[in-house]
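Chains as they are written, first to last, in my numbering: chain A, 1 to 194; chain B, 195 to 346.
One or more hints might be untrue.
[As the list claims (entries may be wrong)] Calculated pairs, DSS-like style, for lysine-lysine (alpha carbon to alpha carbon, straight line, at most 30 Å):
| hint | chain 1 | residue 1 | chain 2 | residue 2 |
| --- | --- | --- | --- | --- |
| 1 | B | 224 | A | 181 |
| 2 | B | 224 | A | 41 |
| 3 | A | 193 | A | 71 |
[Stated by the list, open to error] Sample of chain A residues lacking proximity to chain B, with all beta carbon distances greater than 12 Å (derived):
| hint | residue |
| --- | --- |
| 4 | 22 |
| 5 | 75 |
| 6 | 82 |
| 7 | 83 |
| 8 | 108 |
| 9 | 115 |
| 10 | 144 |
| 11 | 145 |
| 12 | 147 |
| 13 | 156 |
[As the list claims (entries may be wrong)] To give an idea of the interface, some chain A residues facing chain B are shown, with a C-beta separation under 10 Å as derived from the structure:
| hint | residue |
| --- | --- |
| 14 | 8 |
| 15 | 21 |
| 16 | 77 |
| 17 | 88 |
To be clear, the hints were calculated from the coordinates, so they are not data collected in a lab. We treat Cβ as the ideally placed atom computed from N, Cα and C, and that holds for glycine.
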Amino acid sequence: MTFINYASREINCKIVYYGPGLCGKTTNLQYIFDSTAPQSKGKLISLATETDRTLFFDFMPLELGTVRGFKTRFHLYTVPGQVFYDASRKLILKGVDGVVFVADSQEERMDANIESLYNLEENLQAQGYDLMAIPYVLQLNKRDLPNVIPAADLAAELQRKGEPVVEAVASKGVGVFDTLKAVAKQVLTELRKS
Amino acid sequence: MHEQQFRQIEAVVAKLRNDASARVVFLVDKDGQQIAVNGDVGNIDTTSLASLAAGNVAATGGMAELIGEKEFPTLSHEGERESIHICVIGRVLLVVIFDDRSSLGLVKLRVKQVTPELHTIFEEVARTTKQATSDESFFAEITDEDIDSLFN
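Here chain A stands alone, though its shape is the one from the complex (with noise of 0.2 Å):
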């Protein structure tokens, strides 16, 4: 749910990256954090195993700037992938403003992208929330790898409601303030109609 602070003059909105585990939803955030001028973040926080899995979920707080006097901050924040971990995604997902839904474009994830897809969509409505309803866009990452899906048929596979699909190489950063810019624009075009 969209924070207004009315004193503050703030709109403060939560996008959650999901997706199957493995799939780049850390990378992301870490590449938005490394590429972001440090006046404009607040810390990386990652709630992570000793292996360096998603345990609980990273966070990161962003400005974007004003929009007609108001600062609007986003706080974007990842799910663990890994299946056994589902009580804590369908935590991360309360109060959500817009979903990133990253998937690994490699042949042998396609059925985990396709699970996760599915739990995706239970667990929103588990908090209240309809896929078909909520901002959301599709990211095909890992787009350099040898064994990729072409990106047509992919997106033939997961596109859900003719959501916007950008194609990424998180870890090097192609793709991602693309995916960033798509579902922050679809959050604040949905502010502007409620």
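Given chain A's structure and the hints, the job is docking chain B onto it.
Leaving out everything else, chain B in the frame of chain A:
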């Protein structure tokens, strides 16, 4: 939330910090957005703290459900020097950070005393927010150019 309500909340938070001899008092919403803060923040990253407090409450709330409880309304973490007490008040969390100048008992007592007042203020916030969404067109005036300008 409007200016006057924000000032009321700030006043309650300031009074609580003083009465509980706490180092810092935060008010955070359940989604991890910071609403108000009072006290010696020092080097504390308040945005991250708000997010982690909300994550903490969400995680223990999930555990509560699993064992058939509605929620755990208070959480306390005691450290060697600094401690944290979190109290769930409706949609918001009151987070009190204190050291050995205070005690958990005193903090709990003072938090309990301000709870009804905060409840009342947030009920009023919810009521005026409903009104605002029906009669304010401020956000309807945001243009595509406004949104694009954020990314330039």
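Hints and how they fare:
1. With a C-alpha separation of about 26 Å, the suggested pairing of residue 224 of chain B with residue 181 of chain A holds against the 30 Å cut-off.
2. Under the criterion of a C-alpha separation no larger than 30 Å, the hint pairing residue 224 of chain B with residue 41 of chain A is consistent with the structure, at around 21 Å.
3. Of the supplied pair hints, the one linking residue 193 of chain A and residue 71 of chain A holds, its CA atoms being roughly 19 Å apart against a limit of 30 Å.
4. No Cβ of chain B comes within 12 Å of the Cβ of residue 22 of chain A; the nearest lies about 22 Å off, and the non-interface call holds.
5. Some Cβ of chain B comes within 12 Å of the Cβ of residue 75 of chain A; the nearest lies about 7 Å off, and the non-interface call is violated.
6. The non-interface label for residue 82 of chain A is consistent with chain B: the shortest C-beta to C-beta separation is roughly 16 Å, beyond 12 Å.
7. The Cβ of residue 83 of chain A lies farther than 12 Å from every Cβ of chain B, with a closest approach of about 17 Å, so its non-interface assignment holds.
8. No Cβ of chain B approaches the Cβ of residue 108 of chain A within 12 Å, the least distance being about 32 Å, so the stated non-interface status holds.
9. Non-interface call for residue 115 of chain A relative to chain B: holds, since the shortest CB-CB distance, roughly 21 Å, exceeds 12 Å.
10. The claim that residue 144 of chain A is not at the interface with chain B holds, since no C-beta of that chain comes within 12 Å of its own (minimum 25 Å).
11. With a cut of 12 Å on Cβ distances, residue 145 of chain A stays outside the contact zone with chain B, its closest approach being about 28 Å.
12. Annotated as non-interface, residue 147 of chain A keeps its C-beta farther than 12 Å from every C-beta of chain B; the closest such distance is 33 Å.
13. No Cβ of chain B approaches the Cβ of residue 156 of chain A within 12 Å, the least distance being about 29 Å, so the stated non-interface status holds.
14. Proximity of residue 8 of chain A to chain B holds as hinted, the smallest CB-CB distance being about 7 Å (cut-off 10 Å).
15. Hint on residue 21 of chain A is violated. Least Cβ distance to chain B is approximately 20 Å, over the 10 Å limit.
16. Here the hint on residue 77 of chain A is kept, as its CB sits about 8 Å from the closest CB of chain B, short of 10 Å.
17. Hint status for residue 88 of chain A relative to chain B: holds, with the closest Cβ pair at about 7 Å, below 10 Å.
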